[in-house]
Structure formats: structure tokens, C-alpha cells
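2 protein chains.
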Amino acid sequence: MTRLQGVTASSGFRAAGIAAGIKASGKEDLALVFNEGPEYEAAGVFTENKVKAAPVLWSRQVLSTGRLRAVILNSGGANACTGPGGFQDAHATAEAVAEAISGWGTETGAIEVAVCSTGLIGDRLPMDKVLAGVTEVVHEMGGGISGGTDAAHAIMTTDTVPKQSAFHHADGWNVGGMAKGAGMLAPSLATMLSVLTTDAKVTAAQLDEALRAAAAITFDRLDVDGASSTNDTVLLLSSGASEVEPTQADLNEAVRLVCDDLAAQMQADAEGVTKRVVVTVTGAASDSEALVAARTIARDSLVKTALFGSDPNWGRVLAAVGIAPIELDPDRIAVRFNGSPVCEHGMGVPGAREVDLSVTDIDLTVDLGIGSGSAWIRTTDLSHAYVEENSAYSS
Amino acid sequence: MTRLQGVTASSGFRAAGIAAGIKASGKEDLALVFNEGPEYEAAGVFTENKVKAAPVLWSRQVLSTGRLRAVILNSGGANACTGPGGFQDAHATAEAVAEAISGWGTETGAIEVAVCSTGLIGDRLPMDKVLAGVTEVVHEMGGGISGGTDAAHAIMTTDTVPKQSAFHHADGWNVGGMAKGAGMLAPSLATMLSVLTTDAKVTAAQLDEALRAAAAITFDRLDVDGASSTNDTVLLLSSGASEVEPTQADLNEAVRLVCDDLAAQMQADAEGVTKRVVVTVTGAASDSEALVAARTIARDSLVKTALFGSDPNWGRVLAAVGIAPIELDPDRIAVRFNGSPVCEHGMGVPGAREVDLSVTDIDLTVDLGIGSGSAWIRTTDLSHAYVEENSAYSS
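Chains as they are written, first to last, in the working numbering: chain A, 1 to 395; chain B, 1001 to 1395.
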């Protein structure tokens, strides 16, 4: 992954990012990803929150066709909890994009345009600025590195760096992608948005299989605070421009690699992060029980504050896993921090309190000792900066 | 509740608290509550964490008789995750208390002595200090206000004030109690310990009914961070010294009032608290679904950091309730902060962003608008002080 990164790493895609005045700060806030074809297959996965933002309702609906020409994304406002008016705004935005693209020479309908939004929940978008911005961003569209990178910048909220990735297959096809936010797909700290592209010649069903499989072990395994966004969206579009038809296995692997890289970038840039933590649970009765246990530990505020303090407080890990609704024998639990055993048979081992956790990357492994199920979750510590950023977000 | 507070508010009880050297700080760390009789009925509720501390295993076992002469409580060490040796320590402590009391003139067996511990998980207790302390604390036992208050001081860990309460019935019987910690029973920030006493003439079965009913709507409704202790214990002992036999309903109500008062004191003194928050959910499909929704909101880090920032960010409340596994119609949700409507029909109302939340007590009410179920949870904000205290706890 050393060559071109981002959504324009796949041939057949153009992108742009501009400052449309949606954000009060005047920073970039509107991005467009445009598929030049020749094919327009697409798939998507969306938040599982029952409270879904208007753009999620819109995009889920248009994706039922398995076909997309473009994705318009804005930061500076989530357009969530905005009622029927908010849904009309999402529709009007898609309509404006379709018209602008059509005027540019490619006949497009609103039903071929997905909409993604991120920012504060509850306010209507400034539609005069959004619609003026749509005209501008369509004119700005460029191929190559600049378009993709501009788009990646324009979807940032509390992100400090844009997130882009790409996989280039030796057979001449590519998968590229960008993302913003930090949190798991469905649960999310800030909203998580990601657009992935490929120039492989594949069907919407193939994209759907690859995207669901990849999201389940990448974005779904990133859990910063268990909080859940109304707007989380991941889209995968194919142009077929490479004319290469990869196997499903190769497509799955390429999409997984790009999603995994983007998830790692989101973890590293999570709000207030000072530690990158991977919680691995082994020896569970099943993989799904291991996942429940890993997620329970990763969400525990006392574990997360201890890690912020570089404190090898393994007792909190046992207390956390003890409330997971899984099969458990306290006397069989073993815990390691970065490979150093701190707890065996449910008891501390000599030197456990002296393990050095002042490093940035922490590998926390819990062996339940009762089966062969295993799973891992990426998470972060709970720091002062997390409290600072999130106590001042909307004001 | 203006008269004598605490465990010695009930006649027939003596108590003491001393510094036994278990805490490195030299502060009080060993408490005893002694029932002089003539009756010795008792009931208890314990943590639901699968990882249970040795004193919980011990006390649960001795309580199967429905009878207790004494409770010995230590701060400065949880005696959790300490294996068979830790269980032997709990047993040895009860044995030492029984011997000391017997030597003092009242024949007592270890099986009549409950043990409670709180502090860091994973270390064995300094048994030389505990056992020497047991001899001392039995000699120190006094009745009246001093004994109960000394005991309430000795069980404190990160508590800044001792928590005591009492209810005095016009018929001449009393319920008194002390508590430490903050968190719900089962989940707990630090461990929650509470000992309640009554001089009413009641059976162990009556105590058990009153205690379970009271805990379910007081300690169980206090949820600071969803974290769960290995040591949570609430005990209720009766001496029968008043010779009054109250009705079950009167007993239930008296125990509930004392538990509710202690829970409110724990909320007010929770680690890092700057806001006392009550989350009330109404209009749910059932009371149990309302409770799930209230707990989900109360545990949401983004809601809690917003409250710390006095930010009426109702969108985060909707995002939080949207992940609760309950029946929900996003378009019917209404939210009020301290009585001011901020969201109706799932959308913001004018002026919602201007609601003043700079006060200490915050009443957050969410009406789901689909049924008649309701429930509430006491919680706190998520502050810098919470992160500070919990990132430096064991070091």
C-alpha cells in the first residue's frame, strides 16, 4: 500500500472537497465522490441505531437498486433528528448533485446519489450553503491524488488527520477508501463515515458480500466508547474500469485490508486517545462469547482510565469480564499485558504491579481457559482529552 | 430523620471503627457492627459479578443460616482474586471476631460473622494487621452515635464523607444504616458496602423481603459508570430489641427509605461528580423496557460528558436511547432537561440549545410515547476528576 491512496486510487473515480460554509469555522465541509463508470455497482452498510439520520434513510433507500453514480458527504451537521424536513433536505441535496452532474454531461438521477452527513445532531442543514456548495464541488472534481485527498479532508470533524488507504492488486485492479471518525460501525464516538471504491469488474452482490464480511471484522471491532451514532455509513462503489474480474475471495481480502487499515487509522486518531489498545479474549466457550467478553472489557471505564494512567490494574479486567453475560470460571482466568503474565488461575502473579504500561500500544489478552473461542476488539484509553473534547462539542 | 443516624440508631447494636494499619495512609480501615440481641435474624444481597471476592463467598455462605451476630468490614484491600488463600483469610478473620466476642462474654461462632472488604483487587490482606485489629476493634465497641460513626468512617475508600441514615418509627422501632462507595449494587464504581440494622422483632424471611425490594429500587438504580465490583454487599440485621413487630409493609417502607437516603448520599459523593443526574424514561412499552432505556442513557459517555459541560445536547440522548434493545419509534421521542422541552416528535424545539444546565441537579426525562412503562436511574456526569481519580487509583 505505497502507491496512490484514497477513493481516487481506483480508476474511474473522481472526487473533490471544498469549504461550502456549513462549518462555522470555514474549514472544508463538503465532499463528492463520482463514479465515471463504465459500471455503477454499489453496496452499503449503515448504523444499527434505531434513531437514524435523514441521509441514512435516504441512502439506504437509493442503495436498494445496488447502483450509485455519486456520493455527496458533508461535515458540519448530522441532519439527524430533523424530521420530514431533514429528509427533504437530504433528497434535495441528492437532486442537486444529480442535476449538476447531468449538466456536466452525464445523465444522472437523484436515486443514483447517496448522501452522508456528520456533525451535531438535531439541527437542520443550511441548505442555501449546501446547494451552492454542490454546484461548486461538482465543478472542482478532479482525478488522481488531489481529488481524493481533498474529499478526505472535507469529511473530518474532530479528526486531526484525514484517513485514506488503498490496495493495488498485481492483476491491475484496486480498492481505495477514505474514512472519518472513530468508533465502531453502528456504535461510534463521532459518526463514522467511509467511502470505498474499486475498479474491479464485480456485481453489487459481490460488493455486498465483501463489504459485510470486511466491516464485521474491522469497523465493527473498533469500539472507542460504546456510544452509537445516528449516521454511520460505509459505502463501496465499483466502476469496472480495470476490466479485471477478481475472484470473490480476492475481492473480500482486498476490501478487508483497506477497511482494516482505515479502522487502525481511526483508532490512532480517536478523540483523546493516548493509548492504542487491542483487547484479545481467548479460551472462551465460543468466538461469539469471546467477542462479547472483549467488548465488555473494552467498554469498561475503570479499565480504560487505568490504561490512561499506565496502571497494570488487572483486577479491574477481571471485574469487567465478570459482568459479561458469558460462561466463565473465575479460577481459570489468565491475563497478560503486552505479553507479561499478570494474573493466572484468577490470581495475581509476582511482579504483576510492576509491568510497564507507559508505552502507547497495549495488548491486553484475557484467556478464559474453558474453550477455544477467541476474538479481539480495538479500543483506546479514557483520558482527560476525551472528557475535554466531548464536554465542549456542541457549545 | 433528624435523630441518631447509622447502624447504632437501632437499639441492640454496638459498633466501632479503628485504624488497623491495613491502609498505607494510616487512616481508619476496620469496622465492626455487633448485634447484642436478643435476636440475630439477618439477610443480605451480593454482587452479581461472576468474579466474587473471598468475603462475598464467605458471607453468602454464612448468611444461608439467616442469622448473624456481627459484621467485620475492612477498607484498604478487596481480598478479591486472591484464590483459596484469600478465602482462608476471610474465614480466619471471622474466626478471630467470633473468638474475641466470645472472650468478651458472648459465645459466638465464625458462622455468625459476615466479612466485607473493599479496596484494590488482587492483593492478599496483611493478616497480621487484620487479626491484631480485630482484637482492638472488639474492645473499642461502643453504642450510641460514636460507634456507628466511627464504623462509617472506617469503611471509606475514595468516599469524601461517611454515609449514614436512619428511620425512626412512631411505634418505637428503628432502621439504621451506613454505606460506602458509589455505583449500583452489582455494578459499582468503587465497591459498594452497606450494613443496615433494625431493632424491630422480625424474621430473617421478613428482612430478606424488605431488603430485596428496597435494593431493587435504590442501590440497583444508582449507576455511575456501569462498572461492576467483585465485592458489593448489603446486609440487614435485626436485634428485636424494641420488641415491636411491625407489619411487612411498614418494614419494607422503612428499609426503603434508609436505602434511598444512602443511595442519594453515594450519588452525591461519587468519584468526580459535578452533577447529580436523574434519568427518567416514561411512555415505554413496559417498566422493564423503561429501565433498560434509562440505564442505557445513564451509561452513555457522550451524554455524561455533555452534562459535565452543562451542554443541553439532546441529540446525544436520542443517539443513546436508539441503541437500547427496546421497542422504539424515533418520531415519538420527547426530551426535557429540568422540565424544559428540548425535543418533541424526535426533533429539536426552538430554544433547545439555550437551556441552562449549569446547575448541579439535572433531571433528564425521555418520553418514548408508545406505552405507559416508566423507570428512573440515578447517575452522575463524566468529569475530569473521574478520569483523574481512576487513572491513579492503584498506583
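Calculated directly from the structure, the hints in this document are not laboratory data. Honestly, I wouldn't trust all of these hints.
Here are the simulated distance ranges between beta carbons [unchecked claim]:
id: 1; chain 1: B; residue 1: Ile1145; chain 2: A; residue 2: Arg353; range: 34 to 44 angstroms
id: 2; chain 1: B; residue 1: Arg1067; chain 2: A; residue 2: Gly351; range: 38 to 48 angstroms
id: 3; chain 1: A; residue 1: Ala249; chain 2: B; residue 2: Ile1217; range: 29 to 39 angstroms
id: 4; chain 1: B; residue 1: Pro1350; chain 2: A; residue 2: Glu354; range: 16 to 26 angstroms
id: 5; chain 1: A; residue 1: Glu327; chain 2: B; residue 2: Arg1332; range: 11 to 21 angstroms
id: 6; chain 1: A; residue 1: Ala249; chain 2: B; residue 2: Gly1371; range: 24 to 34 angstroms
id: 7; chain 1: A; residue 1: Arg332; chain 2: B; residue 2: Glu1048; range: 30 to 40 angstroms
id: 8; chain 1: A; residue 1: Ser358; chain 2: B; residue 2: Gly1109; range: 41 to 51 angstroms
Below are the SDA-like pairs computed for lysine to any residue, each with C-alpha atoms no more than 20 angstroms apart in a straight line [claimed, not checked]:
id: 9; chain 1: A; residue 1: Lys50; chain 2: B; residue 2: Asp1356
id: 10; chain 1: A; residue 1: Lys129; chain 2: A; residue 2: Val292
id: 11; chain 1: A; residue 1: Lys27; chain 2: A; residue 2: Glu95
id: 12; chain 1: A; residue 1: Lys50; chain 2: B; residue 2: Asp1171
id: 13; chain 1: B; residue 1: Lys1050; chain 2: A; residue 2: Lys27
id: 14; chain 1: B; residue 1: Lys1275; chain 2: A; residue 2: Ile370
id: 15; chain 1: A; residue 1: Lys50; chain 2: B; residue 2: Gly1369
id: 16; chain 1: B; residue 1: Lys1201; chain 2: B; residue 2: Thr1160
id: 17; chain 1: B; residue 1: Lys1050; chain 2: A; residue 2: Gly369
id: 18; chain 1: B; residue 1: Lys1023; chain 2: A; residue 2: Gly369
id: 19; chain 1: B; residue 1: Lys1050; chain 2: A; residue 2: Ala204
id: 20; chain 1: A; residue 1: Lys50; chain 2: B; residue 2: Ala1334
id: 21; chain 1: A; residue 1: Lys50; chain 2: B; residue 2: Lys1201
id: 22; chain 1: B; residue 1: Lys1050; chain 2: A; residue 2: Asp331
id: 23; chain 1: A; residue 1: Lys50; chain 2: B; residue 2: Ala1285
id: 24; chain 1: B; residue 1: Lys1275; chain 2: A; residue 2: Glu389
id: 25; chain 1: A; residue 1: Lys129; chain 2: A; residue 2: Ala170
id: 26; chain 1: A; residue 1: Lys50; chain 2: B; residue 2: Lys1050
id: 27; chain 1: A; residue 1: Lys50; chain 2: A; residue 2: Gly85
id: 28; chain 1: A; residue 1: Lys50; chain 2: B; residue 2: Pro1325
Glycine included, each C-beta is placed from N, C-alpha and C at the ideal position.
Hints versus structure:
At about 39 angstroms, the CB distance of B:Ile1145 to A:Arg353 agrees with the hint of 34 to 44 angstroms. Between B:Arg1067 and A:Gly351 the C-beta distance comes to about 43 angstroms, which sits within the given range of 38 to 48 angstroms. At roughly 55 angstroms, the beta carbons of A:Ala249 and B:Ile1217 sit outside the given window of 29 to 39 angstroms. Judged by the Cβ atoms, the range 16 to 26 angstroms given for B:Pro1350 and A:Glu354 is violated: they are separated by roughly 58 angstroms.
Against the hinted window of 11 to 21 angstroms, the Cβ-Cβ separation of A:Glu327 and B:Arg1332 comes to about 39 angstroms, which falls outside the hint. For the hinted restraint 24 to 34 angstroms between A:Ala249 and B:Gly1371, the CB-CB distance of approximately 48 angstroms leaves it violated. The hinted range of 30 to 40 angstroms is not satisfied by A:Arg332 and B:Glu1048, whose Cβ atoms lie roughly 20 angstroms apart. A:Ser358 and B:Gly1109 have their C-beta atoms about 50 angstroms apart, which keeps the hinted 41 to 51 angstroms range intact.
A threshold of 20 angstroms between alpha carbons decides the hint, and for A:Lys50 with B:Asp1356 the separation of about 28 angstroms lies outside it, so the pair is violated. Distance hint between A:Lys129 and A:Val292 is unfulfilled; the C-alpha atoms sit about 44 angstroms from each other, more than 20 angstroms. Taking the CA atoms of A:Lys27 and A:Glu95, the gap is near 24 angstroms; set against the 20 angstroms cutoff, the hint is violated. Using a Cα cut-off of 20 angstroms, the hinted pair A:Lys50 and B:Asp1171 is violated, with the two alpha carbons roughly 53 angstroms apart.
With a CA separation close to 50 angstroms, the supplied pair B:Lys1050 and A:Lys27 exceeds the 20 angstroms bound. Of the supplied pair hints, the one linking B:Lys1275 and A:Ile370 is violated, its CA atoms being roughly 42 angstroms apart against a limit of 20 angstroms. A C-alpha spacing of about 15 angstroms is found between A:Lys50 and B:Gly1369, which places the hinted pair at or below 20 angstroms, so the restraint holds. For the hint pairing B:Lys1201 with B:Thr1160, the CA-to-CA distance comes to about 35 angstroms; that exceeds 20 angstroms, so the pair is violated.
Taking the CA atoms of B:Lys1050 and A:Gly369, the gap is about 15 angstroms. The hint holds against a cut of 20 angstroms. A threshold of 20 angstroms between alpha carbons decides the hint, and for B:Lys1023 with A:Gly369 the separation of about 34 angstroms lies outside it, so the pair is violated. Pair hint B:Lys1050 plus A:Ala204 does not hold up; C-alpha atoms about 46 angstroms apart against a cutoff of 20 angstroms. A hinted pair counts as satisfied when its Cα atoms are at most 20 angstroms apart, and A:Lys50 with B:Ala1334 qualifies at roughly 15 angstroms.
Between A:Lys50 and B:Lys1201 the CA atoms are separated by roughly 52 angstroms; this puts the pair beyond 20 angstroms, and the hint is violated. For the proposed pair B:Lys1050 and A:Asp331, the alpha carbon gap of about 11 angstroms is at most 20 angstroms, so the pair holds. Of the pairs offered as hints, the one joining A:Lys50 and B:Ala1285 holds, with about 15 angstroms between alpha carbons and a cut-off of 20 angstroms not exceeded. Between the alpha carbons of B:Lys1275 and A:Glu389 the distance comes to roughly 18 angstroms, so the proposed pair stays at or under 20 angstroms and holds.
A threshold of 20 angstroms between alpha carbons decides the hint, and for A:Lys129 with A:Ala170 the separation of about 43 angstroms lies outside it, so the pair is violated. Straight-line distance between C-alpha atoms of A:Lys50 and B:Lys1050 comes to about 31 angstroms, which puts the hinted pair past the 20 angstroms bound. Taking the CA atoms of A:Lys50 and A:Gly85, the gap is near 19 angstroms; set against the 20 angstroms cutoff, the hint holds. A distance of roughly 9 angstroms separates the Cα atoms of A:Lys50 and B:Pro1325; the hinted pair therefore holds under the 20 angstroms criterion.
Hint compliance for this structure: hints 3, 4, 5, 6, 7, 9, 10, 11, 12, 13, 14, 16, 18, 19, 21, 25, 26 are broken, all remaining hints hold.
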